[in-house]
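Engineer: Protein chains in written order, with this note's numbering: chain D, 1 to 157; chain V, 1001 to 1157.
In short, the hints are calculated from the structure, not lab data. Do not rely on the hints blindly, as some may be mistaken.
[Said to hold, decoys possible] Computed list of lysine to aspartate or glutamate pairs in EDC-like fashion (alpha-carbon distance at most 16 Å, straight line):
#1 Lys-1129(V) <-> Asp-116(D)
#2 Lys-129(D) <-> Glu-1028(V)
#3 Lys-129(D) <-> Asp-116(D)
[Unchecked claim] Beta-carbon label-pair distances, calculated as ranges:
#4 Met-1113(V) <-> Asn-90(D): 39 to 47 Å
#5 Gly-1103(V) <-> Ala-120(D): 35 to 43 Å
#6 Asp-44(D) <-> Lys-1036(V): 26 to 34 Å
#7 Thr-1102(V) <-> Pro-84(D): 21 to 29 Å
#8 Thr-1024(V) <-> Arg-22(D): 54 to 62 Å
#9 Ala-1017(V) <-> Ser-130(D): 18 to 26 Å
#10 Thr-1024(V) <-> Tyr-63(D): 37 to 45 Å
#11 Asp-1039(V) <-> Lys-37(D): 14 to 22 Å
Ideal Cβ positions, reconstructed from N, Cα and C, are used throughout, including at glycine.
Protein chains: 2
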Amino acid sequence: MSIEAQTTPDALAQRLADSGLRSTPQREVVYGVLLKKRDHPTADEVFVRVKSELPTISLATVYNCLETLVQCDLVRAVNFERGPTRYCPNLRPHAHFHDEQTGATHDIELPPMLLDQVNAILPAAYAAKSVDIIFRGSAGSPRPTPAGDPGKAPSAN
Amino acid sequence: MSIEAQTTPDALAQRLADSGLRSTPQREVVYGVLLKKRDHPTADEVFVRVKSELPTISLATVYNCLETLVQCDLVRAVNFERGPTRYCPNLRPHAHFHDEQTGATHDIELPPMLLDQVNAILPAAYAAKSVDIIFRGSAGSPRPTPAGDPGKAPSAN
DNA sequence: CTTGCTACTTAGAACCATTCCAATTCGTTG
DNA sequence: CAACGAATTGGAATGGTTCTAAGTAGCAAG
């Protein structure tokens, strides 16, 4: 299967099947709602929209469906770590690495030049006050980077 | 004053004064705790640590102090938007821009090459599954980028 | 077809981080 | 020292998310 997923309702049944999950009306409608209006809705907003089509759906189900879609890589949750805010007195430009195994957060040195390049992707109309760059993964065993490791590179979907 | 702040307890009184705020024992100890152990503690963790020195401090005060420090640019809150998670079906690599005025979130095109460069800053020991790049600011009036605008560039502290 | 299994949905309770509020205390200024 | 505003405090309230227990639905085997 290709990495590029079809961003259509049809792709859903496929992806779900790949993960051994069922295609249900609720999942289909939730996904449909996300595709229809791409304004990064919250779970609550999705809930409201879905209800017009599936009046008896529950908020819990919306949360369940959204999580399912995220796990199938059809949808991305935009929100850093769920959970408490963390505080950092490091004033130099840096990114953060969040270790999902341990829950620890590490500072990652960020070359100022790269920061400039990142800032440069913003169209003129956008005035940003700050940027956050957060990696998520595991830092566990310092894998000495096997020379030709074709491991999947982090994506920013 | 220089952009580079001293990351010492002494800098605190200075910065607070600059903002017309008082230097209090609570603020000093909270800041001291952050400087002492830089493991990105949560407000609760800070609370526990501070209590050993200031047994009567309240959690509300810890939150207040942390916010004060963030506003003085002495500390950075690591956590994307406080508030509900948002969902996005865009599977192509992109960054997000969060408009603080309207609360809206927009996708920002992210050149794959730049994504590679960002991924490249990770030391070998870190295995990232995903990266989030989030800008915060306002997209309001499409300012036509005044040619030589020396406006402060977004920082990633 | 029917029994049973497992996945899925549901409603509401529970949780947890954070914010709000009202009352008190502290510092500074007059 | 009097008075005012800033800061702190404890507890209640909020809001997003997760949990739990019970019900429903689809599928497989007999």
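Engineer: The structure should be examined with respect to each hint, and the outcome stated for every one.
Structural biologist: We went through each hint and held it up to the structure:
1. Lys-1129(V) <-> Asp-116(D): violated (24 Å)
2. Lys-129(D) <-> Glu-1028(V): violated (27 Å)
3. Lys-129(D) <-> Asp-116(D): holds (13 Å)
4. Met-1113(V) <-> Asn-90(D): 39 to 47 Å: 28 Å Cβ-Cβ, so the 39 to 47 Å window is violated.
5. Gly-1103(V) <-> Ala-120(D): 35 to 43 Å: violated (25 Å)
6. Asp-44(D) <-> Lys-1036(V): 26 to 34 Å: violated (40 Å)
7. Thr-1102(V) <-> Pro-84(D): 21 to 29 Å: Distance hint for Thr-1102(V), Pro-84(D) holds at roughly 26 Å.
8. Thr-1024(V) <-> Arg-22(D): 54 to 62 Å: holds (58 Å)
9. Ala-1017(V) <-> Ser-130(D): 18 to 26 Å: Taking Cβ atoms as reference, Ala-1017(V) and Ser-130(D) lie about 24 Å apart, which means the hint holds.
10. Thr-1024(V) <-> Tyr-63(D): 37 to 45 Å: Holds - the Cβ-Cβ distance for Thr-1024(V) and Tyr-63(D), about 41 Å, lies within 37 to 45 Å.
11. Asp-1039(V) <-> Lys-37(D): 14 to 22 Å: Given about 40 Å between the Cβ atoms, the range is violated.
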